[in-house]
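Chemist: Sequence:
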Amino acid sequence: MVDRGEAKGRALARGVLGRRLRALAPVVIPVLLAIADAMLVNGLELDLEVGVSMLAAAALMLRRRFPLLVFLFTLPGLYIGYIWFAPMIGLYTLAVRRPGRARLGLCAVLLITAHFFPYPLSDFVLTDYRENTQVLIDASVTSAAPIALGLLVRTRQELASRVEDLTRSRRREHRLLADRVKTTERARLAREMHDVVAHQVSLISLQAGAVQVSTEDAAARAGATSIRELSVRTLEELRHMVGVLRADGGEAAEADGLAPQPDLEELPRLIEMSALDVTYEGGVVAGASGTKTVERAAFRTVQEALTNIRKHAPGARVRVRVDPVDPGDAVDSVRSGGSGRAGSSARGEGAGGAGRAEGCRAAHGLRVEIRNGPPDATATVPALPGGGHGLVGLRERAQSLGGTLEARHTSDGGFVVRAEFPYGAG
26 MVDRGEAKGR
36 ALARGVLGRR
46 LRALAPVVIP
56 VLLAIADAML
66 VNGLELDLEV
76 GVSMLAAAAL
86 MLRRRFPLLV
96 FLFTLPGLYI
106 GYIWFAPMIG
116 LYTLAVRRPG
126 RARLGLCAVL
136 LITAHFFPYP
146 LSDFVLTDYR
156 ENTQVLIDAS
166 VTSAAPIALG
176 LLVRTRQELA
186 SRVEDLTRSR
196 RREHRLLADR
206 VKTTERARLA
216 REMHDVVAHQ
226 VSLISLQAGA
236 VQVSTEDAAA
246 RAGATSIREL
256 SVRTLEELRH
266 MVGVLRADGG
276 EAAEADGLAP
286 QPDLEELPRL
296 IEMSALDVTY
306 EGGVVAGASG
316 TKTVERAAFR
326 TVQEALTNIR
336 KHAPGARVRV
346 RVDPVDPGDA
356 VDSVRSGGSG
366 RAGSSARGEG
376 AGGAGRAEGC
386 RAAHGLRVEI
396 RNGPPDATAT
406 VPALPGGGHG
416 LVGLRERAQS
426 LGGTLEARHT
436 SDGGFVVRAE
446 FPYGAG
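Letter by letter, the sequence shown follows residues 26 to 451 of our numbering.
Please keep in mind that the hints were generated in silico from the structure rather than gathered at the bench.
Glycine is no exception: its CB is placed at the ideal position from the N, C-alpha and C atoms.
Be aware that one or more of the hints could be misleading.
As the list claims (entries may be wrong) - Derived CB-CB ranges, DEER-like: (1) Glu217 / Asp401: 21 to 31 Å; (2) Arg193 / Arg45: 23 to 33 Å; (3) Phe141 / Ala61: 23 to 33 Å; (4) Ala245 / Thr332: 52 to 62 Å; (5) Gly68 / Thr152: 25 to 35 Å; (6) Glu198 / Ile229: 44 to 54 Å; (7) Val66 / Val150: 13 to 23 Å; (8) Val188 / Glu290: 56 to 66 Å; (9) Arg258 / Ser194: 41 to 51 Å; (10) Ala223 / His337: 25 to 35 Å; (11) Gly43 / Leu416: 29 to 39 Å; (12) Arg123 / Leu46: 21 to 31 Å.
All chains, full assembly: derive it from the sequences and hints.
Modeler: Structural data, given as structure tokens:
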């Protein structure tokens, strides 16, 4: 264990040291090369040539930030100290960082001039044509080589950047294509779902209609009527959901009016047809203050909660409350996590919720609470299928609207579902 720890420590140290060396190498190596060049050309004796050469070498430490100034600062080292590395490295950096044609041309002329004319200028012999021609060619190559190499490196960097952009673009296109495939598959599944479910629900409706016509029992006839109405309503909502899945976007499908969407006005009928012992306390006038999206979310919350009660708590007494949320209550609810304040407010309002309907236009949002007691031990538990995703979907819907949802067991063996939706989200 100790050997492994030491090995990891050494590997970490090598990794950190390696990164630092890779970061310092482009700065330190050119300076060392320029210093070595200055020593080889001018020796170690301190004089004017060595001084300007060392200053030119030291200036290379700032070549990435001030490439033009550093290059100009290295020219005295070339003219007086006869060094090559510092001005060539400076010109290379300028070509990589600031590749303007006029700027590079002027700097090339300055380097050729500093290289061509000797120091002191009185040593220049105009009539020595052969030597002057050789020096001029040498100076031209000395200036052209770093510019060409710098432009090549810059072009390579630009190509690498464009290749990276193309790679990202292709990845984005692949994701879009995958999303398109998923959308197509979802539309296909929506059609299949419509065919299967619509067929079964249609059979239920036909059977209920047959019972409604043939039976003489008033209670059975009323039950068959309810079954037919529920079947028709289910088919309408199924058609709407299939249309949403097949459309490009849910909002566009809703705008086209595929089917009327349920809101708070439908809650009393939903509760009436639920076949449960429900006490409804509505403190909000449907459509008076909130958006349709929020009212639809509240309706779906109540619908799913009543479905779960039928599955898991048959015979239980149910209380459904829909109240406006004042701005102060909403802020406190958010601060407390969306649970404690909501519960206390729901318990404290009591039957006064109906009186608050007049002030619902100033409300901040909507609070929905469905609370049921323990199930009746004598009631038969229906064998209804369940996917276990109802509460998860309700919580995701509430969060997408900027609200909260709490679902928990109560101390008396019942269950409570409480949700809050801000009107601004709709």
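Chemist: Would you mind marking each hint as holding or not holding in the structure?
Modeler: Against the structure, the hints:
Evaluation of the 21 to 31 Å hint for Glu217 and Asp401 yields a failure: the beta carbon distance comes to about 39 Å. At roughly 30 Å, the beta carbons of Arg193 and Arg45 sit within the given window of 23 to 33 Å. The given range of 23 to 33 Å is respected by Phe141 and Ala61, whose C-beta atoms sit roughly 24 Å from each other. In this structure the supplied range 52 to 62 Å is violated for Ala245 paired with Thr332, their Cβ-Cβ distance being about 24 Å.
Take Gly68 and Thr152: their Cβ atoms lie about 31 Å apart, and the range 25 to 35 Å holds. The beta-carbon spacing between Glu198 and Ile229, approximately 46 Å, falls within the hinted interval of 44 to 54 Å. Between Val66 and Val150 the C-beta distance comes to about 22 Å, which sits within the given range of 13 to 23 Å. Distance hint check for Val188 and Glu290: the Cβ-Cβ separation is about 59 Å, which falls inside the suggested range of 56 to 66 Å.
Evaluation of the 41 to 51 Å hint for Arg258 and Ser194 yields a pass: the beta carbon distance comes to about 47 Å. The hinted range of 25 to 35 Å is satisfied by Ala223 and His337, whose Cβ atoms lie roughly 28 Å apart. For the pair Gly43 and Leu416, the supplied restraint of 29 to 39 Å is violated, since their beta-carbon distance comes to about 52 Å. For Arg123 and Leu46, the Cβ-Cβ distance of about 28 Å falls inside the hinted range of 21 to 31 Å, so the restraint holds.
Of the numbered hints given earlier, the model fails hints 1, 4, 11; all others are met.
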